[in-house]
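First to last, the protein sequences are chains A and B.
The opening residue of the first sequence carries number 597 in the working numbering; numbering runs sequentially from there.
The opening residue of the second sequence carries number 33 in the working numbering; numbering runs sequentially from there.
In short, the hints are calculated from the structure, not lab data.
Check each hint, because a few of them may be wrong.
Quick partial rundown of chain B residues pointing at chain A, CB under 10 Å, derived from the structure [said to hold, decoys possible]:
hint, residue
1, Met-35
2, Tyr-37
3, Glu-347
4, Gly-429
One side of the interface only, derived from the structure: several residues of chain B facing chain A at Cβ under 8 Å [said to hold, decoys possible]:
hint, residue
5, Met-33
6, Glu-58
7, Ser-314
8, Ile-317
9, Gln-319
10, Ile-322
11, Ile-329
12, Ser-330
13, Val-338
14, Gly-342
15, Arg-354
16, Leu-430
Cut-off 27 Å, straight-line C-alpha distance, at most; resulting in silico cross-link-like pairs (BS3-like, lysine-lysine) [unchecked claim]:
hint, chain 1, residue 1, chain 2, residue 2
17, B, Lys-65, B, Lys-80
18, B, Lys-106, A, Lys-929
19, B, Lys-425, A, Lys-871
20, B, Lys-252, B, Lys-287
21, B, Lys-287, B, Lys-144
22, B, Lys-212, A, Lys-871
23, A, Lys-860, B, Lys-425
24, B, Lys-55, B, Lys-65
25, B, Lys-264, B, Lys-212
26, B, Lys-142, B, Lys-72
27, B, Lys-106, B, Lys-55
28, B, Lys-100, B, Lys-80
29, B, Lys-106, B, Lys-252
30, B, Lys-287, B, Lys-100
31, B, Lys-425, A, Lys-863
32, A, Lys-871, B, Lys-270
33, B, Lys-142, B, Lys-270
Since the model is a prediction, treat every value here as computed from it, not as a measurement.
All residues carry an ideal CB built from backbone N, CA and C; glycine is no exception.
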Amino acid sequence: MDFRLNEEQQMLQDTVARLVRGEYSFEKRLEFSESELGFSEDFWKQLGELGLTAVPFPEELGGFGGGGVEVQSVMTELGRGLCIEPYLQSVVLGGGLISQAGNDAQKEQWLGGIASGEVRAAVGLQEPQSFYDLNNVETRAENSGDGYVLNGRKAVVIGGHCADVLVVSARTSGDTREAGGISLFLVSPDADGVERRTYPTIDGAKGCDLVLNNVKVGTDALLGEEGKAADIIEYQTGRAISGLCGEAVGAMEVACDLTLDYLKQRKQFGVPIGKFQVLQHRMVDMMSELEQARSMAILAASVADEPQSDERRRILAAAKNVIGRAGQFISEKGIQSHGGIGMTWEYNFAHYAKRLVMINHQLGDDDFHLERYAALLQAS
Amino acid sequence: MNMNYTAEELAFRDEVRAFLDEKLPEDIAAKVKGFRRLSKEDHQRWQKILSEKGWYATHWPEEYGGVKWTPVQKHIWDDESCRYGVPRSIPFGVNMVAPVIIKFGTEEQKQKYLPRILSGEDWWCQGYSEPGAGSDLASLKTRAVREGDHYIVNGQKTWTTLGQHANMIFCLVRTNTEVKAQEGISFLLIDMNTPGITVRPIITLDGEHEVNEVFFEDVKVPVENLVGEEDKGWTYAKYLLTYERTGLAGIGISKAALSHLKELAGRRLKNGRPLIEDPSFSQRIAQVEIDLTAAAISNLRIIASVEGGGVPGAESSMLKVRGTEIRQTINDLARRAIGPYAIPFVEEELDLDYDGEFLSDENAAPLAAQYFNNRKLSIFGGSNEIQKNIVSKMILGL
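Same shape as in the complex, but just chain A (with noise of 0.2 Å):
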């Protein structure tokens, strides 16, 4: 048993974190955020550059075939940086999906753009009454002999605004909640009927939702069989379930850090507040929470790209769970530690703490995943 990462996934954790210090500092993130595109073109080129848009992919690609130990070591430094790239969007969900259930043709058109960061996907799998549940589609494809009329709505596409490619799920057949009869769709943003309404999101990215009006396709456009995508999502979903939980530990370990750092130099009665026993006992549920939650970003890369099986499904709605209330747990202690300041704009506590519980709300929250765990309970 051992639970380091390998020389070659340490050089590219090193990697990422080098340059996320370099490029990434505080003021520069508020900077990235509030630009029209909403974070930094450069440093997104520079994740290109460097071949870590790659690194899921294949070595044809650029990449090296990283699995969900690589994923994560990215993951992980882009979240202590609380960098707002679409990286999970556009490298490990685009990616994933186009990858699982592209033809070669489709690889072939997007693959490469993704993985060296020239091409930008984004995801539409939920819709304003879905929730959380991924196979809760009402959006409608109908085929038009030649190809696909899309109508309906997709909610809250993470980097939708600026994607060059969207990968929309839409029904071919059966009912709002089956999970027979839904397919994925290749829509280009540009594609008349689109309709993109973008915000920002309260945790200093960008994203949209998605209006189709009408939209036309070409069969080309059909990602996979059709009406069989709903187990490529839960796949996919699943691999970006354990990418997120390690942008959540990485942003948990800053706002740990920050909080840690706050105790022992904030004076209070003459002393600094961390020799307060009521502030040192929360202190430690917060690391004990972080350590938690990292045993079971662990667990999650572990299966990540692991065939589909129902060991995988509850490993995965686990480490989404546990890193939900991690991550809210850290961050409303986290402010409640801090006191005022953790409440200010210009301090970067409360920009971690905004990130952690937005996590919380990607890909399932904590009750959606608990609530999947104790479906797939095991009688013993």
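Position chain B relative to chain A; hints supplied.
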């Protein structure tokens, strides 16, 4: 990153399983799995089997009859033995006083006591806590005054677990009142049959006799029973406590208890369906299973780091808090699972050879009592608050 056992470790696991399949007495395993009372004889019978196999003293060097298990092997043993229903080992001799004697004792003490611990001839208990010294252990008052070749011991120890079975007690006593609290403490080995010692039961809230008070009135203890140097006992006590803390998280026990809970919830009914299918109850089970999964990986991470040469430090303290909370939650759910039948306390059903009709479920009787009994988990071995103090000081530097 590698979470798998090596081929050797897997072979060891097979050996453990084969041994337990063959040697673990069924009646003892049944008692452990059903949370029934174990007698002194049960413990001794099992210890003898372990000793014969050479697997009793897993912390000791081989020269004293110990077996050199790696941290992973110890973990495998813990996991398997909990699953099989092996009685928890009574740690006071083999895992607590023995490491102190081995590290700080005289050759005579080693020759005299270690074989008797191995053979089961001596049953040790722990004389640490006092009525006025719990978490603040160093404030202990039991006095030992040197008179010629003896110490004369006066005072009172408390929470002495299974002291009613013990013939030996290791004690922290005050030999110097002129210095700082920690600096005037000595570590004495005392024969429980010495005149002046009285053991009185403390009955715990679940009606059990597990702990005792031990009174010392002019008890004469030969000076050769002093371990190490006079007034240096606090060092030895702390050394012992690091042994105590590892394993207190009880991950293996929690796994076994969870599996018991799921069995129970699979046969108790609510709304005509097994409780495990009830939305709210199944989520409670799911949550504790998830938390246990995370704690189990945290435990493995500590084990792997120790295996790689690291020292288990305050991380064990953090895990002790987590682990005991999880165990208490599982106990809480097991009690909830029997609904109103948590209320009757039918003591006869606690005995394994009870052959009457069970009031509700054959495993129901001990559940409420066990829940109350295990409130101790977050108190003993350094209360969970003390563990947080340790983490705060040792890891966080606060």
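Against the structure, the hints come out as follows:
For Met-35/B, the suggested interface contact is upheld, since its CB lies about 6 Å from the closest CB of chain A, less than 10 Å. For Tyr-37/B, the shortest C-beta to C-beta distance to chain A is roughly 7 Å, which falls under 10 Å, so the interface hint holds. Hint on Glu-347/B holds. Least Cβ distance to chain A is approximately 8 Å, under the 10 Å limit. Among the interface hints, the one on Gly-429/B holds; its C-beta lies about 7 Å from the nearest C-beta in chain A, closer than the 10 Å criterion.
For the restraint placing Met-33/B at the interface with chain A, the shortest Cβ-Cβ distance is roughly 5 Å, inside the 8 Å limit, so the hint holds. With a cut of 8 Å, the hint placing Glu-58/B at the interface with chain A is violated, because the nearest CB-to-CB distance is about 20 Å. Satisfaction of the interface hint for Ser-314/B is found here, the shortest Cβ-Cβ separation to chain A being roughly 4 Å, below the 8 Å cut-off. The interface hint given for Ile-317/B is met, as the beta carbon of that residue sits about 6 Å from the closest beta carbon of chain A, less than 8 Å.
Among the interface hints, the one on Gln-319/B holds; its C-beta lies about 6 Å from the nearest C-beta in chain A, closer than the 8 Å criterion. Interface hint at Ile-322/B: satisfied, since its Cβ lies 4 Å from the closest Cβ of chain A, which is below the 8 Å cut-off. Evaluation of the Ile-329/B hint against chain A yields a held restraint, the C-beta minimum of about 4 Å falling below 8 Å. A distance limit of 8 Å between C-beta atoms decides the matter here; for Ser-330/B the minimum to chain A is near 5 Å, and the interface restraint holds.
Below 8 Å, beta-carbon pairs count as interface contacts, and Val-338/B has none with chain A, the closest being about 11 Å; its hint is therefore violated. For Gly-342/B, the interface hint is violated, since its Cβ never comes within 8 Å of a Cβ in chain A; the closest pair sits about 11 Å apart. For the restraint placing Arg-354/B at the interface with chain A, the shortest Cβ-Cβ distance is roughly 6 Å, inside the 8 Å limit, so the hint holds. For Leu-430/B, the interface hint holds, since its Cβ comes within 8 Å of a Cβ in chain A; the closest pair sits about 4 Å apart.
Taking the CA atoms of Lys-65/B and Lys-80/B, the gap is about 20 Å. The hint holds against a cut of 27 Å. Annotation: proposed proximity of Lys-106/B to Lys-929/A is violated, straight-line Cα distance about 36 Å (limit 27 Å). Taken as a hint, the Lys-425/B and Lys-871/A pair is honoured in the structure, with Cα atoms around 10 Å apart against an allowance of 27 Å. Distance restraint check for Lys-252/B and Lys-287/B: the Cα-Cα separation of roughly 46 Å exceeds the 27 Å cut-off, and the hinted pair is therefore not satisfied.
Taken as a hint, the Lys-287/B and Lys-144/B pair is broken in the structure, with Cα atoms around 38 Å apart against an allowance of 27 Å. Between Lys-212/B and Lys-871/A the alpha-carbon distance is near 23 Å, which keeps this suggested pair within the 27 Å criterion. Only pairs whose Cα atoms come within 27 Å are accepted, and Lys-860/A paired with Lys-425/B is accepted, the gap being roughly 12 Å. Pair hint Lys-55/B plus Lys-65/B holds up; C-alpha atoms about 16 Å apart against a cutoff of 27 Å.
Distance check on the hinted pair: Lys-264/B and Lys-212/B sit about 12 Å apart at the alpha-carbon level, within 27 Å; holds. A threshold of 27 Å between alpha carbons decides the hint, and for Lys-142/B with Lys-72/B the separation of about 25 Å falls inside it, so the pair holds. Under the criterion of a C-alpha separation no larger than 27 Å, the hint pairing Lys-106/B with Lys-55/B is consistent with the structure, at around 19 Å. For the proposed pair Lys-100/B and Lys-80/B, the alpha carbon gap of about 19 Å is at most 27 Å, so the pair holds.
With a CA separation close to 39 Å, the supplied pair Lys-106/B and Lys-252/B exceeds the 27 Å bound. At roughly 25 Å between alpha-carbon atoms, Lys-287/B and Lys-100/B fall within 27 Å of each other, so this suggested pair holds. Note on Lys-425/B and Lys-863/A: the hinted pairing holds, with a Cα-Cα distance of about 18 Å set against a maximum of 27 Å. A hinted pair counts as satisfied when its Cα atoms are at most 27 Å apart, and Lys-871/A with Lys-270/B qualifies at roughly 23 Å.
For the proposed pair Lys-142/B and Lys-270/B, the alpha carbon gap of about 20 Å is at most 27 Å, so the pair holds.
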